[in-house]
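2 protein chains.
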Amino acid sequence: MNSLKTIKAVEVIHVGDELLLGLRVNTHLEYLARKFTQYGAVLMRDQVVRDVGEEIQEALRHAWNNCDMVVVTGGLGPTVDDLTREAVAEFLKRKLVYNTDVERQMRERFAKYGYTFTENNLQQCYHPEGSSVLPNPNGTAPGIWIEVEEKIVVLLPGPPRELIPMVEDQVIARLLADGRLKPQEGYVQIRSCGVGESMLASKIDEVLGPDTQVSAAYCVHSGVVDVRFSAPVGMLDQAREAAEWVAAALGEDFVGYGEMNHAERILERLQIDGHSLAVAESCTGGQIAAALTEVPGASTVFKGGIIAYSNAAKTALLGVAEDTIAEHHEVSAEVACEMAKGVSQTMGTTWSISSTGFAGPGGGHGEDGVGTVYIAIHSPAGTHCKRFSISGERATVIQRATIFALDTLRRKLLR
Amino acid sequence: MNSLKTIKAVEVIHVGDELLLGLRVNTHLEYLARKFTQYGAVLMRDQVVRDVGEEIQEALRHAWNNCDMVVVTGGLGPTVDDLTREAVAEFLKRKLVYNTDVERQMRERFAKYGYTFTENNLQQCYHPEGSSVLPNPNGTAPGIWIEVEEKIVVLLPGPPRELIPMVEDQVIARLLADGRLKPQEGYVQIRSCGVGESMLASKIDEVLGPDTQVSAAYCVHSGVVDVRFSAPVGMLDQAREAAEWVAAALGEDFVGYGEMNHAERILERLQIDGHSLAVAESCTGGQIAAALTEVPGASTVFKGGIIAYSNAAKTALLGVAEDTIAEHHEVSAEVACEMAKGVSQTMGTTWSISSTGFAGPGGGHGEDGVGTVYIAIHSPAGTHCKRFSISGERATVIQRATIFALDTLRRKLLR
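Quick note, the sequences are listed as chains A and B, same order.
So the mapping is simple: the numbering used here equals the position in the first sequence, first residue as 1, plus 626.
So the mapping is simple: the numbering used here equals the position in the second sequence, first residue as 1, plus 626.
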């Protein structure tokens, strides 16, 4: 029996005007990249194309010689702008055939959920001759799997809640079962916060020395810098060793390995020490709490929070003194500290964190313009506040204030 | 004087291994698409390529004949994997020249912020001959603007907080000043919630009739379906009329025009009616509040919230009776209603919304498995609760519960 060819190089094509009109963020690339990389395959390139048959075919031509597998997402739905099936069939010179099983399953699904079945759904029953159908448990458009010239072409529906389970349960699962993908580790990543990219790079160059086989690649995003260490096949230990050296050299600026985020790090530390946490948010409006509660099991440490958007809420629920607000303004270090102390008392926690600031577009007081944010941390050791000055639009100020708040707490916990 | 060529077609290239390794979501495409579409230019295609010189050049070749402008993002930083400058220069057959002004500004910037200047930063001082430098007020790597064969090639740094202000203040501003972009409206979009894509499409086909010049395109995302109506040049009024017809036919399922989101719609309605709003969140952990506070001016209506992640917080801060929790479980309609009533009283608001549920991965009680979420709305007309059953991972359950909560409130406000 011949063994099947290992999938080493993958090309991805997304079909959809909505992506090129800026109506939607393309989150599939990140998801698919993460999945395939985990099993040692490399994403060679990603193309986003319009709902135009000829342009879909051009993208396939461009991708074809460069890879072992093409993943095409979107354009499989019931409406006239869904053209992926036709374009792929034409590119591969295959007829479209009608699948009555798909029709039956679709009618059953509509009946089950009490939806009206409309005729336009029937175009989803066609697939290129010689392909197999991938059932879609969370939607109507099935996926399609085609093998041709030792390559695999997989078509998947666009909505993430339909695509993701299909990738997990049908695409990756099948390739692993076939032995065409294998679990493996391709690189070691560390995450840092508080040190610039160029400074970090020159520190790392020093640690690695001139004769190293290890290479480092950098990615900057929302206040953190990730560094990925890789090494030639069989030498991953050297990359791991380099990452450990750098982690130690970074001290407090080292957040964690891989995609470890601030919230995970904080909750892990507090849990080990038997502590509990609450938040009192003004300008961040719930985002600090949201970041913490996204971590599974957060509730063992995180007890809750108070979003005190009005001064009345700050005084009534957090016990901030009216005098403090009158004397120092609601955006001040004094109010931030009283908010943190107050929420820790109200929620009965040993630690707490608070935010107050001007997210914009309006607001400001004295020297504190739009973008000024005070973050206070309360712990058994006392209450301390830090002032940040953040540039950007409202959403950016809120997002970065959230990261800075979590990073301040993380550092405090390390000491 | 010859007038400059209008920018009609734009190709976008993102350079960066981090995008193809799944370490980062590419948000630039959505941002750039929104910007250019607003001024009548069409994004033809988007390519994401690795940090490999030859692959960057191949992407440029692929894009070249298809457009009036190429925007390249990423790969301009100080480290060895930043290869965009070199690849573009080679593709355009231009030498790289050294710019001492850039060096001086960079040294000044480092001194101002007290950073140590490292030699690797100097590679950012090179740019292709005949190009002009775009200052980067929020980072070290400057952008580059090159005009060649009636096309414009613009290179921009990858981090969003550096790229966005440069696009606004230097790229779009310059093209508008030159008359190479013009403000215009390309389509009319409506947003719906609560009706499936195929049902919506067949309703719309009926409204439009067979002889229409108006076309409709669909995009499904996190519980909403957007429909974009477009028409041939000069006939946008027909698209607008169709959108208005459909909006009326959709009734409550119509959320708004364009990118109007639930939070904006809710706050607008409450403000007109002189009402105020508070939230009590358990399983959504702050995300409902975060969605509301992202809207500028939210504080005129939104007073704050309580994130009651523990039962102690539910009883102490929201006045939920211990007996109610004991009898019905903390994930129940009864507790959701008491949470909503409680927060409305505590915060002194006329309206409130609450959530309690099992976001997973663990949890569940009786018939309420992981994904069960109760949403209660309290208003001067009384308190009502709705039960949702949501499939997916923890993050999906939290995200969809947030949308469902906001949508339930939006519908209530329409009645």
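Heads up, some of the hints might be wrong.
The list treats identical chains as one, so a pair stands whether inside a single copy or across any two.
Stated by the list, open to error - Calculated lysine to any residue pairs in the SDA-like style (CA-CA distance at most 20 Å, straight line): (1) Lys-829 <-> Asp-707; (2) Lys-967 <-> Ala-942; (3) Lys-829 <-> Gln-749; (4) Lys-661 <-> Val-651; (5) Lys-719 <-> Leu-862; (6) Lys-808 <-> Asp-949; (7) Lys-829 <-> Tyr-883; (8) Lys-738 <-> Ser-1017; (9) Lys-1038 <-> Gln-897; (10) Lys-829 <-> Asn-887; (11) Lys-634 <-> Pro-858.
Quick caveat, the hints were computed from the structure, so don't treat them as lab data.
Comparing the hints with the structure gives:
1. For a Cα distance limit of 20 Å, the shortest separation of Lys-829 from Asp-707 across copies, 16 Å, qualifies, whereas the shortest one inside one copy, 52 Å, does not.
2. For the identical chains of this complex, Lys-967 and Ala-942 are neighbours both inside a copy (14 Å) and across copies (17 Å), given an alpha-carbon limit of 20 Å.
3. Taking the closest pair of Cα atoms, Lys-829 and Gln-749 come within 20 Å of each other only across two copies (17 Å); inside a single copy the shortest separation is 58 Å, beyond that limit.
4. In the homo-oligomer, the alpha carbons of Lys-661 and Val-651 lie at most 20 Å apart both inside one protomer (19 Å) and across protomers (14 Å), since each shortest distance falls under that limit.
5. Proximity of Lys-719 to Leu-862 under the C-alpha cut-off of 20 Å is found in neither arrangement, the shortest distances being 43 Å within a copy and 38 Å between copies.
6. Proximity of Lys-808 to Asp-949 under the C-alpha cut-off of 20 Å is found in neither arrangement, the shortest distances being 64 Å within a copy and 53 Å between copies.
7. Taking the shortest Cα distances, Lys-829 and Tyr-883 sit within 20 Å of each other inside one copy (18 Å), while across copies they are farther apart (51 Å).
8. Taking the shortest alpha-carbon separations for Lys-738 and Ser-1017, only the inter-copy value of 16 Å comes in at or below 20 Å, while the best intra-copy value is 51 Å.
9. For the homomeric pair Lys-1038 and Gln-897, the shortest alpha-carbon distance inside one copy (15 Å) is at most 20 Å, but the shortest distance between copies (41 Å) is not.
10. For the identical chains of this complex, Lys-829 and Asn-887 are neighbours neither inside a copy (23 Å) nor across copies (45 Å), given an alpha-carbon limit of 20 Å.
11. Taking the shortest alpha-carbon separations for Lys-634 and Pro-858, only the intra-copy value of 16 Å comes in at or below 20 Å, while the best inter-copy value is 45 Å.
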